[in-house]
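Protein chains: 2
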Amino acid sequence: MKLFLSTVIIIFSLSAQAAWSQEKQIVVEDFKPSSVNQPEKKFPQVNSQRRIRTSILAPIAHSVQLDIGGVKYDMQKDSNGIWIGESNPQDEGFHYYQLNIDGASVPDPGSLYFYGAGRLGSGIEIPSSDQDFFALKNVPHGLVSENIYFSKLTNSHRRCLIYTPAGYNENEKTRYPVLYLQHGSFENETGWTTQGRANLILDNLLALKQAIPMIIVMDNGYAYKSQSNKVKEGREESVFEEVLITEVIPMIDAKFRTISKRESRAIAGLSMGANQTMRIMMNHLDTFSYYGGFSGTANYPSTDVINVSTFLDGKYKEGNALNKKIKLFWLGLGTKEPIPFPGSVGAFRAMLEQQGIKYEYYESPETAHEWLTWRRCLNQFASKLFK
Amino acid sequence: MKLFLSTVIIIFSLSAQAAWSQEKQIVVEDFKPSSVNQPEKKFPQVNSQRRIRTSILAPIAHSVQLDIGGVKYDMQKDSNGIWIGESNPQDEGFHYYQLNIDGASVPDPGSLYFYGAGRLGSGIEIPSSDQDFFALKNVPHGLVSENIYFSKLTNSHRRCLIYTPAGYNENEKTRYPVLYLQHGSFENETGWTTQGRANLILDNLLALKQAIPMIIVMDNGYAYKSQSNKVKEGREESVFEEVLITEVIPMIDAKFRTISKRESRAIAGLSMGANQTMRIMMNHLDTFSYYGGFSGTANYPSTDVINVSTFLDGKYKEGNALNKKIKLFWLGLGTKEPIPFPGSVGAFRAMLEQQGIKYEYYESPETAHEWLTWRRCLNQFASKLFK
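Chains A and R, in that order, are what the protein sequence lines are.
Using full-length UniProt numbering, you'd call the opening residue of the first sequence number 1 and step up by one each time.
Using full-length UniProt numbering, you'd call the opening residue of the second sequence number 1 and step up by one each time.
Keep in mind that the hints are not guaranteed to be accurate.
A pair holds if it fits inside one copy or across any two, identical chains being indistinguishable in the list.
To be verified - With a Cα cut of at most 25 Å, we get these calculated DSS-like pairs of lysine-lysine:
(1) K72 - K325
(2) K173 - K255
(3) K42 - K225
(4) K255 - K42
(5) K261 - K77
(6) K387 - K358
Calculated from the structure, these hints are not laboratory results.
Note that the structure is a prediction, hence the values are computed from the model and not measured.
Construct the complete structure from the given sequences, taking the supplied hints into account.
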């Protein structure tokens, strides 16, 4: 009986697996053009299974592949020389991808382009169940302004983007708190408004009166003294902290109607930006009183127990003093993030708890180290600021 | 003797031609990365002959071509699968281009991307002798702001870009005149600040005190009633004029510190935008008093003699009245523009002269229907506004 039951279970399991496998192969034909396509472009497309399909004319190519999420999917050529192919189902949210034509990695001519992975490349949007919070809606919209400035520290022109909320231009006497918000590695100052939709997230929060009107400043986290001889761990030492503190903040306070005090200043970032801004926060508690770390902490990439005496020069040693000084210490992470993020953020949280340091922690369901995690983090975090 | 001289001349001509032809083949090895490359990208490059060289890894491709100015140049593959190749010398200024990999037209992964020819594609900058006027310099910089708005006329979200000059945010009482500035066909609202460098041109003019501080508004010239049943010449009828007059101008006057009167409002455009804005100018002489038409006029594409009684409903019939009303009617054209632009603009100028209508005319040396022509036009035109 026992053997029989086992056999039944095995047979049932095998046929269930086969059915699942077969179902997995069936591509549901309800593809629609991606919402981040170039105007009038029919491809790439997304279906209800969250598969991506794209197409390109390449009459004499040997091989065309759709390259997304670390997997290259072979596409097929029809008699007109048009290649078409699909990916497996993807996570909800925004993903970078590219085409591979006979070994050449190129952007898909159908999509808009986004700066990530150190280059302008294709992106696709898989509809998510909660996409309403970052949708373009008929609500009052803030402005996103490009501000070019000359940095003496880097001896170069740099650019930051500034979100001013709807009503900023009309309410000429009102002053606003400021969130300094940083991108991740191999991204730039455009990431938060293009991939991240920070402006739309704030527009929507403000329309629902779920956030305090605020200015958001997004700078480029890569800043080096071009003539510097100081080299640290093989790379030139970053001067981003000095650029932000001594050049960007004074410029923003002079050019925009800010409330220029620590109680009205927040700093946050994602991944590399979370690491950078956590260090800047702890070095400048007289400048900022709110902190947000999205998918990153300053112990990255270590997952070891943190030695609070030596970590960041002992800045977390006095838990009580920090609790009095910091208005919000906020961390967020996706539930599908890869190694080492869960372990590293986990070790950091354990340190905070050991030190009795108050913090808030959010997990983004079913998302990895990607922009839907960070959009959700911003949505949560921004609603808690300056209240 | 006469025969002998002729023979000498013929022989001399032939050898000069051969020498010239041979010299033409020699590629001077002083290539440098283009100024509009993505960060850290070594290709595409430009040399002193104004040739473009680019390179891409495509190990199993049959054929890779550099496609620029209507010519496809074959590239060559080395033993590592890296393709490299050059174009013939190009005109000074900005050009769109693309790569062709086994028949697939794709952006070059090395360049920045620009919206033109109805898609985001590669661009390259050939240094020009007068490039100082549009260079990024250490002068005060204005802001370029993205403004999303909902258009009732098109029942859609649209976007315009607004340049506010350096000092706009700091001088909270100052009001500014406004230039409405339009892109060409298959381009969009980003063209004037990316390809056109309108913000840098104004920054530089203002630093030299060669222009009056002004706001520039750049909208998208494509606007249609999505549900419209009206179809004109196979295409849906444009409502851009109504969008600009009844939606954009009131919005800008409410949101920015404008001087809201005709004496402080200019309108200009390039190519399709010149045609559109000329019609809008003539229909709304109570709204605008300055006009600039860059490489285009409202008789395009006709080169016929204009019948002033019927052209634009007879709006040019009363030359004296127009001279009193219009503060500046300005036209510009490149000396290398193709058919039908010289003939069409020529016919329009002949009409203005016949009607005794005062206008200024500028020719951009050695440029065709391209952005260096339009940068130069803006530089000239903007310096004459609101004075």
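The hints, checked one at a time:
1. K72 - K325: Result: close neither inside a copy nor across copies, 49 Å intra and 64 Å inter.
2. K173 - K255: Answer is both: 14 Å inside a copy and 14 Å across each meet the 25 Å cutoff.
3. K42 - K225: Result: close only across copies, 21 Å inter versus 45 Å intra.
4. K255 - K42: neither (42 Å within a copy, 36 Å between copies)
5. K261 - K77: Close neither inside one copy (61 Å) nor across copies (59 Å); limit 25 Å.
6. K387 - K358: Classified as within; 17 Å inside a copy, 61 Å across copies.
Hint compliance for this structure: hints 1, 4 and 5 are not met, and every other hint is.
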